[in-house]
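J.: Chains as they are written, first to last, in this note's numbering: chain A, 1 to 296; chain B, 1001 to 1278; chain C, 2001 to 2861.
You may find that some hints are simply not true.
[To be verified] Cross-link-like lysine to any residue pairs, in silico, SDA-like; alpha carbons within 20 Å at most: (1) C:LYS2396 / C:GLU2359; (2) A:LYS22 / A:LYS91; (3) C:LYS2063 / C:ARG2209; (4) C:LYS2016 / B:LEU1203; (5) B:LYS1177 / C:GLU2014; (6) A:LYS22 / B:PRO1152; (7) B:LYS1177 / C:ALA2443; (8) B:LYS1177 / B:ASN1051; (9) A:LYS91 / B:ASP1018; (10) C:LYS2016 / B:VAL1208.
No lab work stands behind these hints, which were simulated from the structure alone.
Every value quoted in this text rests on a predicted model; they were computed, and no experiment measured them.
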Amino acid sequence: MVPEAEFRSYYGRPVLKGPVWKTPDVPVYLFVGGLAGSSAVVAELAAWTRRPALERASRVAAAGGALVGVTALVHDLGRPERFLNMLRVFKLTSPLSVGSWILAPFSGLAVAAALSALTGTLPRLGRAAGVGAAALGPAMATYTAVLFADTAVPAWHEAYPELPYVFAASAAAAGGAVGLIAVPLRESGPVRRLAVGGGAAELVMERVMERRLGFVGEPYREGRGGRLLGAARLLTAAGVFGGLVTGRSRAGSAATGAALLAGSLLTRFGVFEAGRASARDPKYTVVPQRARLTPH
Amino acid sequence: MSPSRNALSGPLPDVAADAGYAAPPERVGFFTDTSVCIGCKACEVACKEWNLVPEDGLQLTGMSYDNSVALGADTWRHVAFIEQSSPVDGDLRWLMSSDVCKHCTHAACLDVCPTGSLIRTEFGTVVVQEDICNGCGYCVPACPYGVIDQRPGDGRVFKCTLCYDRLGAGMEPACAKACPTESIQFGPLEELRERAAERVQVLHEGGVEQARLYGHDPDDGVGGDGAFFLLLDEPEVYGLPPDPVVTTRDLPDMWRRAAGAALALALGATVSFLGRRP
Amino acid sequence: MAEAHPVGFQWVMEAKRRGATVIHVDPRFTRTSALADQHVPIRAGTDIAFLGGLINYVLENEKDFREYVVAYTNAPAILREDFEDTEDLDGLFSGFDPQRRAYDTSTWQYAGAEPAAASGERDTESDTSSADENRDKESGRGDRMGAAGAVSARPELDETLQHPRCVYQVLKRHFSRYTPELVQQVCGIAPEQFHFVAEEITRNSGRERTTAFVYSVGWTHHTVGVQYIRTAAILQALLGNMGRPGGGILALRGHASIQGSTDIPTLFNLLPGYIPMPHAHAEQTLDTFVGSDAGTTGYWGNMRSYVVSLLKAWWGDAATADNDFCFDCLPRLTGNHATYQTVMDQIDGKVLGYFLPGENPAVGTANARLQRAGLANLEWLVVRDLALIESATFWKDGPEVETGEMEPADIGTEVFFLPAAAHTEKDGTFTNTQRLLQWHHQAVEPRGDCRSDLWFYFHLGRIIRTKLADSTDDRDRPLLDLTWDYPTEGAYDEPSAEAVLREINGWGPDGRALSSFTELAADGSTRCGCWIYCGCYADEVNQPARRKPGSEQSWVAPEWGWAWPANRRILYNRASADPAGRPWSERKAYVSWDDDSGRWTGPDVPDFEADKRPDYTPPDGARAEHAIGGAEPFIMQSDGRAWLYVPTGLRDGPLPVHYEPQESPVANPLYSQQQNPARETYVHPLNRYNPSAAEQGSQVYPYVFTTYRLTEHHTAGGMSRGLPYLAELQPEFFVEVSPQLAVERELEHLGWATLVTARSAIEARVLVTARMRPLRLDGRVVHQIGIPWHWGPNGLSTGDAANELVSAALDPNVHIMETKAATCDIRPGRRPRGPALLELVEEYRRRAGVTERTGTEGVST
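Please put together the full structure from these sequences, using the hints given.
T.: Written out as structure tokens, the structure is:
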């Protein structure tokens, strides 16, 4: 199933142009966006099941993540002063447009909910804002996978069936990790389960994705992308393990949470680097396309 | 309002009407016949002169006579040079080809642009409205041909406009006007496609079996290009993708997957909260 | 052609589209080769052997266009008994004087012809000429079209072409050893490829088809450059391709309007319209001048009218019959004032001032070091150009300042840099290759202090005349009596270019613009600034400004621009019809005789008297055009025939000979005579030559190099290397070598290399490419290095100049330098800087045993 190594190119130069997005801006945004979205859901569930500490921590995480995310995105723009142009149109064919229309209301709602929860003012409106943020939360965590996949970048585009699940699981792990770090053990049971489940799901989906990709998945296994994802895998596995065994230790839980956060962050960096590498080397564009054209 | 499969990929006979123009003129584009290109680079210079594109690199590349390297924000016509010697008899061949933005029927750059800066013109071409672009850079990795790019120091993206300003005045693009051998031909796309088919036939009859068209077919992965080519070897030899596909073709499926994953996240979170404390 | 004339090359592509076969003969595989049907790699400097081989093929296989050859060439002409060919004298013709390094051409004449008249010859040497070795290379007669003066009109003919001393048989014998095997041995061209070319061109010549040759400086920049063209002319005349549509030999000139700059000349030994410049003689009148130079046959027979009209244009009313129409006001030549001799005189301190309008010898002329040595030894220098070129800045940052040979403070030359207007900023004409004048209109005003050349010379003259206005010195009269009254316009008082054009066209006694040079009179009633341009302003219309699209006129398109002479598009087009005036074939019909109207007709202006019958026989004593018969198309020659053999007019032989270039790693396989015995060499420490194959030490400079152009840059780069859009296309100076040479000399692709000759050493980036091929010559391999000559130290894209390597060794007929074939060494790495550079060059010279005599022999010993 391994395609022929022989291919022709123009002096070995890339066919595509890789993303011009800045790092750490965009990988960080993916991470905090997923974290914020997941946290918004956790916050509502925490409120519903009367876990106030968890609710507060998650609201702060949702709002903070949203704000950090917005800052990162605006900073990444070539013309940051024109960031509002993102809201000139609403285009379903543009995940970035759709995403802007998710992020904008989500940020507002998450910040409103967090402010209300922290200061105690306008609790009803605050709660409504929180519900709104939670409704948008899962979209926050998954649209970014579509953002990456909806390009010509071989390692991203070909990965589109699994990538949303990888990002969702990673967001779940991150959202759960916040609780493990910031919340007393008596309230963090559910998020332990969420974190462990999310982490495990991330490990599985990531493997499934790489396997299916085959040749085009090479950048997830080799080079800088491979190294980052390898580290992410280790940290996430440690977090899953930790989640299972630190049920009685606050410190252990915090360490577990930290490992999961780091793993979630490195996953995004790894995916970003793998994409760049797959755009840079012409073989990932030429070989599969040439194979498609060659009759068997 | 949700995009149907047809609108995102596949043949699209009236691209300007599809974009909303009421009575657009005939679609125009380029047919670049590389079999008569003499590698003079008049196209590169004419384009830069007309569009005030900055110089972008004074370094010898060693890539034959190609020191422009690739299309980008500051190179909108790029002449490629490929030296080939036959291993059998040492016969030399020097391929020369002027590359340009393809102005795809289904343009991924346009599809993914979140500000509406990239638009389809009444001529069927794709242009960037530079007063709107905020340099988000999304179009850059979306392009299956690696054309559009961000200009260093400016922040916005730039690419060939098919000399939109000249078209509006009834003139042909600068590169087509400058090309001395009519390697770059400009005109109604339908007519160019007919001419190109005839030219390939003439070449085949003359023994040039390697001649083939590229980007001419409305059934290809981008719905056919507004700027298509006659090549004398496989596309990848020239740095072109063999079988480009507009990424938007798979977008509906991507949204479905994302929705599934979002649902899974919501469900997973809810399930985590079920059951007794803690 | 695709490299240097990409716009003109569109017509080659059009021809190809219509089924023409395109063959490209060049040491390198260029962008032209990429589009040609066949590329023939050739050793630089050996085209005479290649073309001679084709001539031999044509003669041996009797593939010449026999009727054409017998009727229209001097093939039947019988030569003198005492003529000896290079086959007899091992590479020399009869009459060579080794002391003067020149030929006495009397033995070359037709049988029964007057020897070159003593009176005629005398005019070639001024009374003040010295016996100096270099001064003996006079401007000479070679520059006169037809050089008709010294030959009596009618040779004895043998139309069966059997007479052993007829030109046809002499030609056959002369080229008999130029076999395909010899072509391989000399040129490195395989016999199969040679036969392909030979069969193609012969198959495609004759009544039904014609073949065209196109060349540029790849053929002219040789010590045998003129003979290169001659060989092609012989071949094309034998094949019957001259004067016929789709035939001919097209000379692509090297610059825009350089054709114009020989028509209205910047050449020292010509007056407008190729009238020779007079030499200094104590007693010379207009009559003796015209008498010695005017031919008795052909249109040169009217030379008096052309000269008088020119003098009237220049001196107007001051020129009268009484004062020989101010003939005495014309400057005189006192010797060889060609550019290289002038540079030598500059170095000797004999030249005070120099104008360089649009010329950049500091990097753009052969032996750049020699050029800069001359520039540094002037009192004043005026440079007019678009940017600060190297010739304007050499005194402060030229290579000699870097090596320490020159100190800016010690250079006495006062340099004036006056910025020039570009062609878009002024009116004027271009006269290009096909003798076509095309007017260009000013599009924008020049900026700042930039001014056109017309403005500069007009106002310079005006100011000088104002300063001299009160002079009573006779010596100032020529200047003060000049007509200098062009109207000026605009904020800068720009002289009207159109007024100048009109003066060049000339007008008659009624003041109306003339229509044809046949209207020019010898009595002072007409004025004309250039007789071949007469007609360009006919009917008071700016003919060169015409732009009727090709689609609206015949395929000859005579209403686009205006070609000299008389808007004739193909010269000698009488030859497109047979002696009876009928086209050779319907397919190739062009100009033919129409009995009903009693005129020659066709889509072009007939290059013949319009009403001269094909059967016209000149009566005895007929002169000028009346001495040309009705079946004699080559009207500028005294006998009306195309000259396969040139009895008079050339300094180095009536027939072309393969000689090796001045510097070559190959010993001439044909003769003991290695190089052109009549070539011009200069003995000077700055102009040492590499030893050639025959000489000791030649292996120190073992590789052939050739210089050439790239599309992206222009000449020495003054107009291109400062422009970002062009500089980025070819940003650095590079040389091209074959993969095999790269291995042999350990050169890396994109690495640096140093190239060395006896003149200097330069550095360049290396491009290793299969487009450079080693050539197999008789068992040995010869490597060639390609060197684009566009670079110099000034501008955006900078680099060493190829002309540092090139020597001054000239063709004796036209004093053109040999830049296209020479030898050098190449080694990896950058060159030394400062005085170490001079040491490197000296070390090479020592190893090669280079002395002041190396390479300077006339006759090879």
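J.: Indicate, hint by hint, whether the structure satisfies it.
T.: Cross-check of the supplied hints:
1. Restraint check: the Cα-Cα separation between LYS2396 (chain C) and GLU2359 (chain C) comes to about 19 Å, which is no more than 20 Å; the hinted pair holds.
2. Straight-line distance between C-alpha atoms of LYS22 (chain A) and LYS91 (chain A) comes to about 24 Å, which puts the hinted pair past the 20 Å bound.
3. For the hint linking LYS2063 (chain C) to ARG2209 (chain C), the alpha-carbon distance of about 13 Å falls within 20 Å, and the restraint holds.
4. Taking the CA atoms of LYS2016 (chain C) and LEU1203 (chain B), the gap is near 12 Å; set against the 20 Å cutoff, the hint holds.
5. At roughly 17 Å between alpha-carbon atoms, LYS1177 (chain B) and GLU2014 (chain C) fall within 20 Å of each other, so this suggested pair holds.
6. Between LYS22 (chain A) and PRO1152 (chain B), the direct Cα distance comes to roughly 13 Å. Compliance with the 20 Å bound is thereby established for this hinted pair.
7. A distance of roughly 19 Å separates the Cα atoms of LYS1177 (chain B) and ALA2443 (chain C); the hinted pair therefore holds under the 20 Å criterion.
8. Proximity of LYS1177 (chain B) to ASN1051 (chain B) is assessed by CA-CA distance (about 14 Å); at most 20 Å being required, the pair is judged to hold.
9. Of the supplied pair hints, the one linking LYS91 (chain A) and ASP1018 (chain B) holds, its CA atoms being roughly 15 Å apart against a limit of 20 Å.
10. Restraint check for LYS2016 (chain C) and VAL1208 (chain B): the C-alpha separation of about 14 Å stays at or below 20 Å, so the hint holds.
Hint violations for this structure: number 2 only, all remaining hints satisfied.
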